[in-house]
Amino acid sequence: MRAEELCKTYKMGEVTVEALKNASFELYEGELVVVLGPSGSGKSTLLNIIGGMDTATSGRLYYRDTPLHTADSKQLTFYRRNDVGFVFQFYNLMPNLTAYENIALAVQIAQNPLSIEELLEKVGLADRAQHFPSQLSGGEQQRIAIARALVKNPQILLCDEPTGALDFATSIQVLKLLKEFCTAYNKTVIIITHNTAIAQIAHRVFHLKDGRIVKIENNPHPIPPEKVTW
Amino acid sequence: MLWRKVFRDLKGNKGTYLACMVIMIIAILIFTSFSNVADNLRMSQQNFYQNQNFADGFIEMEALPFGEINKLQKIQGIKQIEGRMVKDVQVWAPDSEESVYLRLVSIDPLEDNPLNGVFLTQGIPLKRDEMKIWLDSKFFEAHNLQLNDEIEIIAGGKKRALTIAGVGQSPEFIYALRTSADVYPDPMTFGIAFVPLEIMEKLFGERAFNNVIFSLKPGVKFDFVKDTLEWELKPYGVKSIFPRADQVSHLLLETELENLETMAQIMPVMFLAIAAMILYISLKRLTEQQRGQIGILKAFGYTRREIIGHYLTYPLIIALGGSIPGGLLGSMLSGYLAQIYQVFFNMPDLSAKFSPRYFFLGIILSLVFSLWAGYQGCKNVLRLEPAQALRPPAPPGGGPIWLEKISFFWNMLTVQGMMAVRNLSRNKGRSIFIFLGIMFCFAMSGFTWSMNDLIQTMLYDQYEKVEVYDIKLSLMLPLDQKDAARELAAFPGVLDVEPMAEIPVTLQKNWLEKDVSILGIPENSQLYIILDNKGRKIPPPKEGLLLSERLAALLEVDIGSKLRIDTPLIDDWSPKELEVTGIIPQYVGMGAYMELNALQQFLGQGPLATSFMLKTAQGTIKPLQEKYRHSPFLAAIEAKDQKLGKMQEMMASYGSTIYLFALISMIIGFAIIYSSSTITLSERSRELASMMVLGMTPREVLSVITFEQWFLAWGAMAAGIPMSKLMLGSMSQALSSDVFTMPVIITPSSYLLAFLVTAASIGIAQLAAARKVTKLSLVEVLKARE
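Chain order of the listed sequences is E and R. When you number the first sequence by numbering that gives the first Met the number 0, it's gap-free, plus one each residue, and the end is 229. When you number the second sequence by numbering that gives the first Met the number 0, it's gap-free, plus one each residue, and the end is 785.
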């Protein structure tokens, strides 16, 4: 994936807000990227554009040579459908579907899905498959949400503050899962956070400030998630 | 400042509120117009009856010598009694395609306050010895007549000229039908003429009354004098004696008025209830959504009353926006309705002006409904304490539902399907609302289309399958069937002749009785076909009677029951009985049938016929009319085609009403589906957005909601089938009269049409909802905390 001078401006009434300014970067297979920055620095905007939920005001974005900056909403839908997985801070599970069914919902539209049972096993929730979200803890819900994102077997996994609503121990579990997916399946994982500690597990760290990527830092020796503390 | 919020909120969900307002406009429109017209009609009727001294009882008879009437005056309970000569004659109208008839009614020009007095709208009083008459105003207008014009009639076999001295209206002929088989008054072919008694004597050379009318002293019931009158008049041949309630014109006017009054009450309440439901649900949703805002308002120090006041401005605006235009349109419509009634009902002072009373009542009515609904919708959130209100509500729980136990069904569903089905039970109130809405939409359109079908069937069956003759000749007096038939058969162009006897009788079963005609039909009649309820031809019975369904129901008889028969044609006192051998459906008219010879034998008066049915070559009617116009024996020559054509013309006016009903049911269906979809959308925007992020297309996302609606819709439409039957049943009961019986059959094509109308309104509503789905902003929706 390649981005060239991405800009995003929002019109809020009379005021124009530049949420993203001239962002250029490349993303590779099998790498874990952490995007760091204070709130309002443009992290989410960047993620939304990469994930095809939003389009840039100017600049170019290519996914395996397919231009996304000129794609219409239908093409973006299929990009999200086939190539992207999303994990949110607040899980966004369907409250009236069981854990299993929430994952099955994604399988239904996937081209070559992974096995639901296998994933449930992997996130350690095989015994809770028939529970509804309201019967699960936050960490369990997030793990189901990750399983739902992974089951489509996407090339890119985008995580917006995936541990933001979780306690420390649960967060580590979640991060382990993400890291595993990245290395075992050779996929791209992008994690947005303002928790600098998490950056230690990444291959590369993007620092954002006022809508600009101020620094891209290489981390030749990422540490395993279980060794992270904060 | 809060006013701005109100308008912005309303704008934000304008589709729903607009639909709600339209339903309210319809409700108030119906309310004001129907109530207004019903009131005016009722008032005109009562004034007219009182001013013109409308009779309480009516007697039809053979011949009562002039002198005898004074004796009856002494009968206890009778206030006023008058004898009259009433004769139907043909008008000499050689240019007219159809036969034109006048009913001559004798009046006494010197009488001060006669019963059934004529209300003179133009012209001068009549004199006892001048050949001058008054005409009823409808006939006068229909024929473009002028005062002092002469009108020629055929009376006693001779052509006579009568001069029009005046034009008037009579309470007895507000709805003027010539025979009980007619459905609508037709002033082109039938009118009333009021003639001085002395002139009637001259015209017909008779000195006897054949019609008596009377009024009762205050507090006296009709039944109290009936037997005495019957006894006194028996030697003079009483054909029938009946109270005002059975007088045709009064009966039909009264039925129409009652229908109108019922409709004016039921329909608006029904529509208002639907509008109230939509409001209730929308406001409930709005206040839940604005929980936080309410909390802030409370925290600011707004009182509960002020906040309720704020939320009640929504229903207030909708109620006013619905009722004011509704009331104004209703007032306009009532003028138009009054004009329609004027076509059918010949009464003075028939008009409907703007009625402030109903206008304001309409506003109050809609205010009550919508404010109540609004209050119910928002009261729960308002009870919360500010801190509590600021916190989001507890998240909705999910759980398995009973349908999942049916694993065969459950396993068929897609995951979206499961979501949809669980949602239905999660929000039971709304599911019931959608269910009822769709059921109502389906039933209403099914029943309206059915009515359309049925009216066609009724006419078609009667005139294409039952009465298959081309021309019917009615005789003044019964004649020997052979001579007359021979003469008619010899007439050029006549292909077939069959005699028929129509005998007025009173059928009696215990205390129930009914005045009808027994139709004597030849055994192998080719011109009058009797059909049973499966549409098979059956011969008229040689022993016993065949009754129409309605007649059998009125007399509460079944096959095998015995009926007592009274007829003026039998002088014999001994009671005669006939057995009911069959019951057949009959939609136009209400009759009893018998084989002709058997009927003649039963009467014991020889082979007499009262009318003849003819099958003719084209163009025979004209020469036939010309030849027999002068005949003293002939009462009427009717061509069936003309009768049918006229009926169809009249029925066409029903057509527009049916489209109106279909449109209304579509609006309701649309309003309900649309409002519930938009509410669902806003309530579950987060869920739906997550699905789009997963990569589902807007169509796939919408399918959750549409699946829900269709899942309900199928059940609701199935439930709509009995409901439409119920509606048609009550409509049939309201509309059916001795003239007209409406069967309760919903035709398959109506179900199909009802399905299409319902599906179309659901489809349109979903299309509108789909536009909202594509506009869902993923970024914003998912950012928000749950």
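These are calculated hints, taken from the structure and not from any lab test. Accuracy of the hints is not assured; some may be wrong.
[As the list claims (entries may be wrong)] Pairs of lysine to aspartate or glutamate, EDC-like flavour, derived with a Cα cap of 16 Å:
| # | chain 1 | residue 1 | chain 2 | residue 2 |
| --- | --- | --- | --- | --- |
| 1 | R | Lys626 | R | Glu512 |
| 2 | E | Lys178 | E | Glu28 |
| 3 | R | Lys626 | R | Glu260 |
| 4 | E | Lys73 | R | Glu486 |
| 5 | E | Lys20 | E | Glu30 |
| 6 | R | Lys774 | E | Asp71 |
[Unchecked claim] Which residues of chain E face chain R? A few of them, derived with a C-beta cut under 8 Å, are:
| # | residue |
| --- | --- |
| 7 | Phe85 |
| 8 | Asn91 |
| 9 | Ala105 |
| 10 | Ile108 |
| 11 | Asn111 |
| 12 | Ile222 |
Each residue gets a CB set at the ideal place from its N, CA and C atoms; glycine is no exception.
Okay, the hints, checked on the actual structure:
1. R/Lys626 x R/Glu512: 41 Å, violated
2. E/Lys178 x E/Glu28: Between lysine 178 of chain E and glutamate 28 of chain E the Cα gap is close to 13 Å, so the pair holds against 16 Å.
3. R/Lys626 x R/Glu260: 49 Å, violated
4. E/Lys73 x R/Glu486: Violated: lysine 73 of chain E and glutamate 486 of chain R sit about 86 Å apart, past 16 Å.
5. E/Lys20 x E/Glu30: Cα-Cα ~24 Å, so violated.
6. R/Lys774 x E/Asp71: 14 Å, holds
7. Phe85: OK, holds: phenylalanine 85 of chain E within 8 Å of chain R, min 5 Å.
8. Asn91: 4 Å, holds
9. Ala105: 5 Å, holds
10. Ile108: 6 Å, holds
11. Asn111: Since chain R brings no Cβ nearer than about 14 Å to asparagine 111 of chain E, farther than 8 Å, the hint is violated.
12. Ile222: 31 Å, violated
Of the numbered hints stated above, those contradicted by the structure are hints 1, 3, 4, 5, 11, 12, listed in ascending order.
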